[in-house]
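K.L.:
For reference, the chains in residue letters:
There are 4 protein chains.
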Amino acid sequence: MRAADVDRENDLFHSACLSIRRVVAIQVSVIGSGAENEERAEEVGRLLAERGATVVTGGLGEVMAAAARGAKSVGGTTIGILPGETRSEGNKWLDHVVVTGIGHGRNLAVVASGDAVIVVGGRYGTLAEIGFALTLGRPVVVLEPGLEVEGPRRARTPDEAVEVALAGSRNTLGT
Amino acid sequence: MRAADVDRENDLFHSACLSIRRVVAIQVSVIGSGAENEERAEEVGRLLAERGATVVTGGLGEVMAAAARGAKSVGGTTIGILPGETRSEGNKWLDHVVVTGIGHGRNLAVVASGDAVIVVGGRYGTLAEIGFALTLGRPVVVLEPGLEVEGPRRARTPDEAVEVALAGSRNTLGT
Amino acid sequence: MRAADVDRENDLFHSACLSIRRVVAIQVSVIGSGAENEERAEEVGRLLAERGATVVTGGLGEVMAAAARGAKSVGGTTIGILPGETRSEGNKWLDHVVVTGIGHGRNLAVVASGDAVIVVGGRYGTLAEIGFALTLGRPVVVLEPGLEVEGPRRARTPDEAVEVALAGSRNTLGT
Amino acid sequence: MRAADVDRENDLFHSACLSIRRVVAIQVSVIGSGAENEERAEEVGRLLAERGATVVTGGLGEVMAAAARGAKSVGGTTIGILPGETRSEGNKWLDHVVVTGIGHGRNLAVVASGDAVIVVGGRYGTLAEIGFALTLGRPVVVLEPGLEVEGPRRARTPDEAVEVALAGSRNTLGT
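Chains as they are written, first to last, in the working numbering: chain R, 1 to 175; chain G, 176 to 350; chain E, 351 to 525; chain X, 526 to 700.
Everything labelled a hint here was simulated from the structure, so no lab data went into it. Careful: at least some of the hints might be erroneous.
Stated by the list, open to error - Footprint (simulated), chain E over chain R, 3 or more residues, beta carbon under 8 Å:
(1) 62-74
(2) 128-142
Stated by the list, open to error - Label pairs and their computed distance ranges (CB to CB):
(3) Glu89(R) / Glu675(X): 29 to 39 Å
(4) Ser423(E) / Leu173(R): 46 to 56 Å
(5) Glu323(G) / Gly501(E): 50 to 60 Å
(6) Lys617(X) / Gly501(E): 30 to 40 Å
In this text, a Cβ means the ideal position worked out from N, Cα and C, and glycines have one as well.
One chain only, chain R, in its complex shape:
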């Protein structure tokens, strides 16, 4: 791109940003793991972004990367909340990177930062996140087939999971 084009892009971007600045974007956390769940996570990320929600994840690979990739594929916004001490460990689909330095302790921040939480696959770390999300009163939706645990709602498709999460988000935000 020539410099003039960059400037024009930036102007468009800034005016677009300014026009939406007072709208609070809903944030939905997508948690889970397992390479076999990446396709479903990517669709969840894409659907969330198409509905205007910012996608929050733990910022690393598999489900976390797939959800962010899905969101970016349609121009959505992504936040990664990393366990380590440097942003270089984040996947490449993150717009904004939060470096916590507190290892697994960052799982609390991942779910607390979502107005709702969608679970795609996952194992023990995901269990900890579900426990925290329910403790904090966040709406949690498990995409079937998924972790068997009491508390969350269940959804049969990515579409349904996103629908339920967004409805729940409105309760969290009190709107």
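Please arrange chains G, E and X on chain R, whose structure you already have, making use of the hints.
P.N.:
For chains G, E and X alone, kept in the frame of chain R given last:
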């Protein structure tokens, strides 16, 4: 706005976002406190945003709010990393809200998420953040007059503080 | 007690401490909640102390207080890892108090500090702790009836729970 | 030792423990770093133990190990609050080990767990701890020569540092 205008805005926004998606935005953390330092913090936030840096703060009042307000005044991007368990405690100039739930423990994440750190006023909490930033090797700049502590660089003006921070950021990012 | 008796007690205490100082005490975390589970938790705490294990808990009420109370009833040692910023919130059966200041984030420390974990009752916070314990490879035993979740072993009685936990501890400690 | 002697030791130990169970032990955190400060830290640890205070540290090497070693040399009690995920990284003078798993984030717990804090040497991590200790209102004493930072009291000798810390502890505990 009519629905058609909203759609058009969104399209512009999306295409702008897509065009910049591969650019890694520099993130600079602005830390400190004290109502008497808000004016300087607001200028720091504004200057950072004008230079394309995302402004990261602890998300609450005084210096944190002022830095975010300054960034938003020119269409910049802001992230707030909150100590509590709900995003409602964040100030109203935050685009993206990270809810950590770990109280003062979030100070580590605030500075770790910056490729550089600018200090405006502040007291004991700020001291903890400076200690963490230096531990992690982040470039730290204290805007004069400011905390007397060994380690950080000093800057006489907001302009100089931003200049030094951005130069340091490039080292952190390895670019 | 007269001063001379206090001195004599202290001397006995010091010589006893010195004689055992090279023995690493096994630490077992007891987690869970629910007033209806206090009796079982107290027995678990007592049995652990009788077997020489230090009892680690989250330091607050219900199951946490009961487990510590049981341990102290037979002269055991107890550690409470508190979520808040002051030791005054700890129950009165704690020998040693760790004040974390990181709210629910302290759940990670509670289970990480156990060479094994025993679960008595509990709900969402306990779920988070189980998830973390399994993530870190700690042996986890759920006392029946208890949380239904995949991963932990199950025990029908406090005696069996303690037996399984102590056997698992030896693996964690590599002895 | 023969089994009978072990039993007798244990009986003595238990009765001694029971006799002191209602005394709340003062906890003092010793923070800092630098191999050149180990001798002074060891004396601080010893003096604290002789005065009946439990010594809390970050559980690793140098000043942390020396303070614990000093306390154990006179039969005192020590707690180590570790940054990693396993107790094996703790030094060998720890009676009780808290494994936090949150890296530098554990610095908050180290100072929050002290009714007072003594600083021996140290650098950036120590600065973070001093900042947190002052934020939480803990009395902080820097042993001269030491970090130059506003807020803490200064002591010229280990003896004076311990004296000042114990006096401050009584305020923290409200006794």
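K.L.:
Among all the numbered hints in the text so far, which are the ones the structure does not match?
P.N.:
1
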